[in-house]
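Sequence lines, in order, name chains A and B.
For the first sequence, counting from 1, position 3 maps to 2 in numbering that gives the first Met the number 0; every step adds exactly one.
For the second sequence, counting from 1, position 24 maps to 23 in numbering that gives the first Met the number 0; every step adds exactly one.
Away from chain A, derived, C-beta distances all over 10 Å, residues of chain B:
| # | residue |
| --- | --- |
| 1 | Y11 |
| 2 | L12 |
| 3 | I19 |
Covered stretches of chain B, as calculated for chain A (at least 3 residues, CB under 8 Å):
| # | segment |
| --- | --- |
| 4 | 20–30 |
| 5 | 35–43 |
| 6 | 56–68 |
Keep in mind the hints are simulated off the structure, nothing from the lab.
Heads up, the beta-carbon is just placed ideally off N, CA and C, and yes, glycines get one too.
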Amino acid sequence: MQIDIQQIEQIFLRTTELIPEIYLCGLYLVVLIAGFFRRSSAYIVELTVIGVVIHILVLFFFFVPSAEGGLWQVDAISQFAKVFMSVALLLAIILFRKNSSLAEEYYSLLIAILLGAQLLTMARHFLIMFIAVELISLSSYGLVFFRFRAEATASAIRYLIFGGASSAISLYGISLIYGINGTFFWHQIDVSVVPKNAAIAICFLALASLFFKISLFPFHVWVSDVYQQLPLQVLAFLSVVPKIAAGVALYQFSKHIPPAISIFLLGSVALLSMLVGNLGALSQKGMRKLFAFSSIAHAGFLIVAIIPRTISGVHAFLFYGIVYALMNYAFVWILDWQESLTEDDSLTFWRGIGNIQPFVGIEVTTLMISLVGLPITAGFTTKLLAFSALWEYYELEKHVFLIVVLIVGLLNALISLFYYLKIPYLMYFQKHTTANYLSFARSIVLTVLIFPLLVLFFFPNVILNFLFVLIK
Amino acid sequence: MIGISYLQISLYLGALLMCIGVTLVITRRNLIMMLIGIELMLNASNLNLIAFGKKFGQTESHLFVLFILLVAAAEISIALALLIQFYKHFQSSHLEN
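The task is simple: from the sequences and hints, build the whole structure.
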C-alpha cells in the first residue's frame with residue numbers, strides 16, 4: 000500500500016485553519032475535567048467565560064482563509080458567524096447566570112454546541128454537515144433534560160426521537176444525492192440530471208436535518224414542547240446560534256443547486272414556517288409558547304434572506320441574525336424577570352404594568368414592535384433588507400413564486416401584530432393586579448439590550464458597512 | 000430474478016427499511032419501538048450508501064457509513080440514558096400526552 004506523503008503534508012497544513020475549533024475542543028475537555036475536581040458552579044462559570052473570551056481573541060488572530068474545494072472552507076462569512084455565535088454564547092452565560100445553579104457538565108455541553116455550530120458554518124461536504132449537526136443535536140438533548148423534572152425527561156426524549164428521525168431522513172436524502180453524482184462534495188453536486196420534482200424531493204430529504212436545526216415548517220413540531228422545558232440560558236442560546244449556523248450552511252449548499260429548485264424548496268419552506276408560526280402564536284396564552292411560535296415564524300423570515308443566494312442576501316441574513324439575537328435575549332430577559340417572581344408564565348402577568356412602571360412599559364413595547372417589524376425599530380430594517388434582497392433576485396430571475404413569498408411575508412408581518420401587541424395591550428389597558436417592580440439592575444440590562452434596536456434603525460450602517468467591507 | 004441488478008435489490012430493500020422505520024416512529028408510542036424505527040431508517044441509508052459505493056467503485060461512502068454507525072451508537076446511548084430517567088418518573092416506556 001502506497002502512502003502519499005504529499006497528501007499527509009497537505010492535511011497537516013490545513014489543520015492550521017482549524018485552530019479555533021481545536022482550541023474549543025481543548026476548552027471543552029478543560030471545563031469537563033475541571034467540574035470533577037471542584038463541584039462549584041461559580042468557578043466553572045468563570046472558567047467558561049474566560050475560555051470563551053480567549054476563543055473570541057483566537058478567532059480574531061487566526062483567520063486563515065482556505066482554498067475552495069475541501070471538506071471545509073474558512074471564509075469571511077463563516078468567520079463573522081463564528082465571532083457572532085461566540086459573543087452570543089458569552090452573553091447568554093453572563094446574562095442568565097443566576098438560573099443555572101446546575102450541574103457542571105452543563106457548560107461543557109454549551110461549548111460543544113458552539114463547536115458544532117462553528118463546524119457547520121464551514122461545511123462544504125455532507126460528512127462535515129452531518130457530524131456538525133449531530134454534535135449540536137446530541138448536546139442539546141442533554142441540555143433539555145437539565146431541569147431534572149418529569150416533564151423535562153419526556154420533552155428531552157421526544158426531542159431526541161424527532162431529531163434522530165430527521166437526521167435519518169436527511170441521511171437517506173444524502174445517500175440518494177450520492178447515488179446521483181457519486182460525490183459528497185457540495186461543489187460537485189449536480190441535481191439537474193434527474194427530473195425536477197425528484198430533485199426537489201431529494202434535496203428536501205437531504206436538508207431535513209438543517210431544517211430541523213432552524214425549526215422550519217415540517218420539522219418545527221418539537222419547538223413549543225422543548226422551549227417549555229429549557230433552562231433560560233439555553234433557551235436564549237439555542238433559539239439563536241444553531242439557526243445562524245444552519246442558515247449559513249443552507250446558503251452554502253443552495254448555491255450549488257439550480258435556481259428553480261432552490262427557489263421552490265426554500266421559498267415554500269419559508270412561507271409555510273411563517274404561516275404556521277404566526278397562526279400558531281395567535282392562540283397562545285403563555286410567554287414561552289408565544290416565544291416558541293414566534294421563533295418558528297422568525298426562522299421563516301430568516302430563510303427569506305437566504306432564498307436569493309446573493310451576497311446582499313447574506314448581508315441581510317447576518318444583520319437579521321444580530322438583531323434577532325438582541326430581540327431574543329431581551330425577550331428571555333423579561334421572561335427571566337417574570338419567572339423569578341411567579342411559577343406561572345401566562346401573559347396575564349403583564350396586566351397594568353405599563354401604568355405603574357412607565358419605563359418598563361416603553362421598553363417592552365419597543366421590543367414587541369421590533370419583533371413585529373415596524374419602524375422605528377431595527378426589526379423593520381431587517382425585514383426591509385431581507386425583502387429587498389428578495390426583490391432584487393426577482394428582477395434577475397423573474398420567478399413568480401418569489402412574489403408569492405414576498406406577499407405572504409408582508410401579510411405575516413400583519414398577522415404577527417395581533418399577538419405581539421397583546422402584551423402592550425395588557426400592560427396599558429388592563430387593571431393592575433400584582434405589585435411587581437423591575438429592579439434597577441434588571442432595567443439597565445434591558446435598556447442595554449433594547450437601545451441598540453433603536454440605534455440600528457437610525458444607523459444600520461454601523462453594522463452594514465462592516466459587513467459590506469468584510470463579505471464581498 | 001433475471002434483469003434485476005444488485006443495485007436495484009439494495010435500493011428497494013433500503014426504501015422498504017426506510018418505510019418500515021418511518022411507520023414505526025409515527026405509529027408506535029412505545030419508546031423502544033420508536034428507537035428501533037430510527038435505527039432502521041439509519042440502516043436504510045447505510046445500505047444505499049454501500050450499494051452506490053459499489054456502483055461508483057469508491058470507498059468514500061464506506062467511510063460515511065462508519066461515521067453514521069458511530070454517531071448512531073452515541074445517539075442510542077443518550078436515548079437509553081434518557082429512557083431510564085423517563086422510566087423512573089413515569090414507570091412506563093410509553094409516550095403519552
